[in-house]
Each structure stands twice: as C-alpha cells, then as structure tokens.
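Enquirer: Sequence:
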Amino acid sequence: MTDPAREDERRELERRAFARDGSGLSEVEAARLSELRRSALPSPAPERAAEAPGAEHDAVAALPEPERQDAELPSAVPPAPESEGDGGRPVLSRFRARFATVRGTRPRVLVGTAAALLLIGLLIGWGIPRPPVGGLALRDGEGARRDAVLAANDEFDPGSLLLLARQGDALLWTATSARGEVRCLIIDVAPPPAPRPMESDCRPANALQSQPLQAISAPTNVSADRSRALVTYAGYVLISANGVPIGALQRMEYFTQSDRGLTDAEGLAAERIRREQGFAHVALAARWRGLIVWMGYTTQNEQCLVVEDPALRSSCADPTAAPLGLDPQSGDDEPMLSLDLRASGDRPRARIEMWNPVSSAGYIVITEQASGLFPQRAPSPPAPDEMGG
Numbered sequence: 001m002t003d004p005a006r007e008d009e010r011r012e013l014e015r016r017a018f019a020r021d022g023s024g025l026s027e028v029e030a031a032r033l034s035e036l037r038r039s040a041l042p043s044p045a046p047e048r049a050a051e052a053p054g055a056e057h058d059a060v061a062a063l064p065e066p067e068r069q070d071a072e073l074p075s076a077v078p079p080a081p082e083s084e085g086d087g088g089r090p091v092l093s094r095f096r097a098r099f100a101t102v103r104g105t106r107p108r109v110l111v112g113t114a115a116a117l118l119l120i121g122l123l124i125g126w127g128i129p130r131p132p133v134g135g136l137a138l139r140d141g142e143g144a145r146r147d148a149v150l151a152a153n154d155e156f157d158p159g160s161l162l163l164l165a166r167q168g169d170a171l172l173w174t175a176t177s178a179r180g181e182v183r184c185l186i187i188d189v190a191p192p193p194a195p196r197p198m199e200s201d202c203r204p205a206n207a208l209q210s211q212p213l214q215a216i217s218a219p220t221n222v223s224a225d226r227s228r229a230l231v232t233y234a235g236y237v238l239i240s241a242n243g244v245p246i247g248a249l250q251r252m253e254y255f256t257q258s259d260r261g262l263t264d265a266e267g268l269a270a271e272r273i274r275r276e277q278g279f280a281h282v283a284l285a286a287r288w289r290g291l292i293v294w295m296g297y298t299t300q301n302e303q304c305l306v307v308e309d310p311a312l313r314s315s316c317a318d319p320t321a322a323p324l325g326l327d328p329q330s331g332d333d334e335p336m337l338s339l340d341l342r343a344s345g346d347r348p349r350a351r352i353e354m355w356n357p358v359s360s361a362g363y364i365v366i367t368e369q370a371s372g373l374f375p376q377r378a379p380s381p382p383a384p385d386e387m388g389g
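full-length UniProt numbering numbers the first residue of the sequence shown as 1 and each following residue consecutively.
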C-alpha cells in the first residue's frame, strides 16, 4: 500500500519542479523526487512459473497486472519508455531532475547573454566608419542664401557647401573645389537693404591643419537709428585631425566719428567720395585751411587718408600690417599713412600723417612746410599710386 505522506511529498516536489509557478529543485531535492517516483512504480509481475503437472496449475489464471500510477501525475508529458541506466535510474527521471536543477539559474544565463549581445553591438557600431559631419541644418530663409552663394561660386564641388556657423546677420560657409584639393571660407552677411559682397578665402586643403582660413567682412551699419555703429564679422575655418571642417564666426561692433558736425555740403561730399571710391564708410578726420581730410574704410579692411586737392588723392594701408608709429618727433619710425600737398593759393605746402601708436588711439599730424622751416624734412612729390581719379 502506498504511504500517503510519501505521495504528498512527491506531489509537492513535482509541483515545484514542473508547475508554471514552481521555484525549481536543488540537486538533493531532485534526487529525492526520483527516488519517490521509483518507489511509486509497481515492480514488474513475476513471470508465470513453468507449468507443472497437476490440475491445480492448469486452473490457476495469471493475475492481472496492476494499473500504473501515472494518471496521478500533474505533468501532461506522456510516459516514455523506461530503460535502466546508471544506478537503475530511468532516463526520463534523470532528464527531469536535470531540468529542475537548471531552471533556477536560467534568469542569470538570459541576463548575461543579453548583456554580451549588447556589448558586441556597441563595439560593432563604434568600429563602423562614419561620414564627416554634414554641417548645421538650414533654417528658414537660409536655403535661398545657400543658393546665392552657389550662384556666385560655380567652381565649388557639387554637394560640398556646408554651413558651419551663424552669428547675427552673418553665415559662415565652407566648400571645396578642384575635387577637394582646395577649401574655401565664405562669409555671407544678410543684405539690409542692398546685397553686400561676400568675403572669402581659399587655400590648399592639406595646409589647413596648421593654419586656418580666415576672412573679415566689410563694415555694415547696424540700423538706421544707430547709423554710426558699424559691424564686421570675422570667420575662421580649420580642418580637424579626422578631416572634419570646424568653423567659428565672431561679430565685432565699433563706432565712428559722428557726422553731426558736417554741413550739408560736407555730408554730400562724404557720400560722393564713399560711392566713387567704393568705401564701406567715410568719416571726417581733420580740417585745415579750408581743406577737409577724410578717413575712408575699404571693404579689404584698409584705412585711407583722402583729400581733394583739387583732384581726389588718397593713401591707403592695412592697419594690421603697417608699422605702428611711436612719436612723430622721435624720427625713429614712420607714420602709417602720409600725403604730401602742394602749395595752393594761400595754403602752403604741407604733409599730412596718420600715426597709429601702440599706447594710444590714432591721430592726424599736419605739418606746414613754409619756406625756411623744417629743412630736414623736404616734401616729396606724390607717388603715382597716391594719385586719385
């Protein structure tokens, strides 16, 4: 007769091993379950003894084999053929015991496998070469400005124009030409009210890692109510070690001398000189014996001394390249700009100098060269490049 306590123990172990909400078995519990299942199975019926002479043996029928207990098992797995293996344990029982032991460690195996796959994916993604950065995304209205840059520079390689920076009304572009052998920088300033020329700088692409491209835009007025405030933009482009262009755009604002002291005729003359000479701006620098000395600023960032004597004459220099004067009386240096004037009417010969010292703002020196004065500094005739049109 089957022991009820052993049956309850066997069912509990089977529930833990095979039920959906089971917790799995340890190796000891799995061995115990196998032992209980073996003990629950009936031993095979002994073979009927050989027939012996006598009516008693002829009348005795073989006893029916008892029913198997597998119907009591909760598992839906059909009983498999049993074969005696190691230690007499059935093959099916050994498999179920092994499955019950591994079931408790399955979550850790799944987590470890997922982590390994994630790490492999990250390494593959990091190792795949990526194309260079495609520049900034264009905002509303910037597509038309890109088209204007392309229309003005038809030598650019197709698809190479990139927007690198934006600051105020200016955009900094870069593009290549000659199949990537030359790289260019373009500063495009928004046109209030008329289009401005674009500033650009181009150089062999293999030289940009040591020295960047750079350009400065022409001065522009900020607005009508601040007409004397001028703005320029400085742009820089270099190439990183992995071949990606990097750009920076800087906005610079400065103020010029106010025109409130100009008469109507002088204001018209300043505008005429600015228009005829192509200056970005013209300011009054000095008055001397009825003559006005103007200071003009070109789109190439040069400063010019300008006079009408009576024809227009000018002397220009780049303030960043010209020598810085120290003192007009020292004789050890030269002014940044100078103009020699002939005598005219009651006006004597004179020399106009623009000094740009290190320790102070620039200033104008006008030296009259009357007869018998300043013999050490005789005026020289105007150079051909100083003659205006």
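No wet-lab data here; the hints were simulated from the structure. None of these values were measured; they are calculated from a predicted model. Even for Gly, the Cβ is constructed at its ideal location relative to N, Cα and C. Hints may be right or wrong, so weigh each one.
As the list claims (entries may be wrong) - What follows is a list of derived Cβ distance ranges for each label pair: (1) 181 to 141: 42 to 52 Å; (2) 158 to 113: 27 to 37 Å; (3) 265 to 365: 18 to 28 Å; (4) 24 to 114: 38 to 48 Å; (5) 136 to 319: 30 to 40 Å.
Enquirer: Would you mind marking each hint as holding or not holding in the structure?
Expert: Structure-based check of all given hints:
Take residue 181 and residue 141: their Cβ atoms lie about 32 Å apart, and the range 42 to 52 Å is violated. A beta carbon spacing of about 48 Å between residue 158 and residue 113 contradicts the range 27 to 37 Å that was offered as a hint. For the hinted restraint 18 to 28 Å between residue 265 and residue 365, the CB-CB distance of approximately 26 Å keeps it satisfied. One distance hint, 38 to 48 Å for the beta-carbon pair residue 24 and residue 114, is violated here, with the actual separation near 21 Å.
With their beta carbons about 33 Å apart, residue 136 and residue 319 fall inside the hinted range of 30 to 40 Å.
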